[in-house]
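**Q** One letter stands for each residue in the lines below.
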Amino acid sequence: VVNRNRRTAIATASFAIIVIAVLVAGGLYVRSLIDQSFTLSSRLSTARALAYTVLRDQLDEETGLRGFAATHQTVFLQPYLRAQPVIGPVIRQLNAALVGLGIPEAQPYAADLAVINDRYRIEIAGRLSNSHLSPQDMFSTEYLGKQRVDRFRTDIRTINKYIEERLEIVDAEVRAAVDRIGILIGGAVVLVLLVSFLYSTQQTALAARVERERERSAEERREADILRSAYLTEKRIADTLQEAFVQRPLPTHPTFRFSATYVPASEEAKVGGDWYDALELPGNRVLFAIGDVTGHGIDAAVTMNRVRQTLISSALLDPMPAALLERVARELYADKAPLVTAVAGFADSNTYEFVYATAGHPPPLLIEPGRAPRMLECGSLPLGAMPENEYRTFRIQSVPGAMLVLYTDGAIEHSRDVIAGEEILLAAAAEAAKQSTTDTATFIHNTVFNGRAIGDDVAILTIGFAADPAVGVRISADRAGESSFAGRLGVAPGEVRAASGERRNAWRMRQFGKKVA
Amino acid sequence: MRGECGNLGRRLPEVNKSIAVIRLTGELEIGRKDEISSALTISGSESGILLDFSDVSYADSTSLAELLRFRDDAARQNIPVAIVIGSRQFARLIQYAGLGHAFRIFDNRAAALSDLSLAAGG
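Sequences listed follow chains R and S, in order. The number in the numbering used here is simply the position in the first sequence, starting from 1, with 7 added. The number in the numbering used here is simply the position in the second sequence, starting from 1, with 1211 added.
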């Protein structure tokens, strides 16, 4: 609106300047026309006055001569004597004026005046001034003089006629110039009125638009308030869910070393998104899982919780990672739930194996004593992408002191270059391997994000085998069958033992046998 | 810098007329979901579809989900789909998602078109 007002003001000022400039230019032009017309008119009047002066002088000459001829008194010659020396110059002035005024058609008559005057002086004046002239000769001479004067008068009338015609033209030009002034002023007035009308219409439309925008803005504020209220409500629910879905405490088992960290990208991202789990299984094994639900909020949190519960409950039936993921994938697809990427599997401290499967998730990272950290194999569709998908179980035979690092994509996609992200994570893992810290996950996180902005949630879970195998064997023997996992599931340890006791005992015996041997 | 959807129109004149080409560039992320979703559509008359992602450097999980949806749609209509991938980073993301087996993947457009032509002819 401000820009529009500024543009309107500029346009209005420009228009006013243009109108004033046109009026001033038009006025100056018309004024110059009038000035020229008045000058011309004045010169024409002067020419006409000269013509009358010439006629008067000629008549004075005639009057003086005829008075002298009738009385022979020299006093009557005075008019003649006055006019005789000046009439020639005045005729020349008249002729020059006619030339200057551009009336060529009148010039022959002006020339004729001089001829008539000369002849009159020679033929008439000479004879009439003779006092011995017979009455008959006097009469014929006066008659001839009258004819000359009549012709003189006719020439004057003709010259005056041309001058009058020219004056009429000049008058017409003046009137036309005045008319132009009127048209110019009238046009300007009409233009100003038209522009004023348009401007007024535009201002009215602008005011209406401003009012509409104000109303829309108010409506948007109301909607924003409603959305904010809805957001706060969802956040309260989400916070409640967050409390309910809080990350489970990591197991404490003598043959394993765990660490984990979860750093949300923002307050809004606290619920949903990334999660991790580590649960003790019978027989010196732990179930582990890490994952990322597409999106955030209540839907993501509910899906996350569902995936976690399905993974745990499925692990009772078949702990093989591929089977776990396939079951979760079927359920999510059937319910059109958000896509989930995950790694799930178990670690066995009897055999030092990591067994896992991935679903659209970045690969696990393995740290082994004396070796550089490395990325393991990965690659399968995210959970919920297909109704049926075969996931592959990867089995890694490792060594005491080895550690599996699981993480979510935020740990490697901080620069959108996942290959560079993997290299940074591997370097952080290598650094962690040199440290004596027990909170490896936090150490890796801090090393990776040292000075880097966190653009996405980051979860890191590490599962390591105790470096001293003897400790593991000794303590696991004491704890056999008394799994805290059984307690968390709400079943008696004996029942769990009955379900899987034979195989677990076989693992334990095999491990024990190794150590004894 | 985020790229823009390239030529969303299909059936480019210089290409085999029955093979549709969909070109996307830049980083495919949730902010471009509508743009990506509208680009990844199938008319049903294609004998093959070439996804030219040679200038795509990143794709988030939402975009990969759109790719999966597109793959399902194409599979239901028996339309072969080939992807041209130009960046190692994007190739790695495709590997995470297990999409390496879901699409015919190539590193140049000519090879992808040739493969699609053969698939369409077969």
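Worth flagging that the hints you see were computed from the coordinates, not collected in a lab. Hints should not be assumed to be uniformly reliable.
[As the list claims (entries may be wrong)] Label pairs and their computed distance ranges (CB to CB):
| hint | chain 1 | residue 1 | chain 2 | residue 2 | range |
| --- | --- | --- | --- | --- | --- |
| 1 | S | Ser1248 | R | Tyr238 | 39 to 49 Å |
| 2 | R | Glu226 | S | Ser1325 | 51 to 61 Å |
| 3 | S | Ser1229 | R | Arg229 | 51 to 61 Å |
| 4 | R | Tyr238 | S | Arg1280 | 39 to 49 Å |
| 5 | S | Gly1237 | R | Leu234 | 42 to 52 Å |
| 6 | S | Arg1280 | R | Arg235 | 27 to 37 Å |
| 7 | R | Thr211 | S | Arg1280 | 49 to 59 Å |
[Claimed, not checked] Counterexamples of contact, computed for chain S against chain R with all Cβ distances above 10 Å:
| hint | residue |
| --- | --- |
| 8 | Glu1238 |
| 9 | Ser1272 |
| 10 | Ala1331 |
We put the beta carbon where it would ideally sit given N, CA and C, even for glycine.
**Q** Run every hint past the structure and note whether it holds.
**A** Going through the hints against the structure:
no., hint, result
1, S:Ser1248 to R:Tyr238: 39 to 49 Å, "violated, 25 Å"
2, R:Glu226 to S:Ser1325: 51 to 61 Å, "holds, 56 Å"
3, S:Ser1229 to R:Arg229: 51 to 61 Å, "holds, 52 Å"
4, R:Tyr238 to S:Arg1280: 39 to 49 Å, "violated, 28 Å"
5, S:Gly1237 to R:Leu234: 42 to 52 Å, "violated, 29 Å"
6, S:Arg1280 to R:Arg235: 27 to 37 Å, "holds, 32 Å"
7, R:Thr211 to S:Arg1280: 49 to 59 Å, "holds, 51 Å"
8, Glu1238, "violated, 6 Å"
9, Ser1272, "violated, 5 Å"
10, Ala1331, "holds, 25 Å"
In this structure, the earlier hints numbered 1, 4, 5, 8 and 9 are contradicted, and the remaining ones agree with it.
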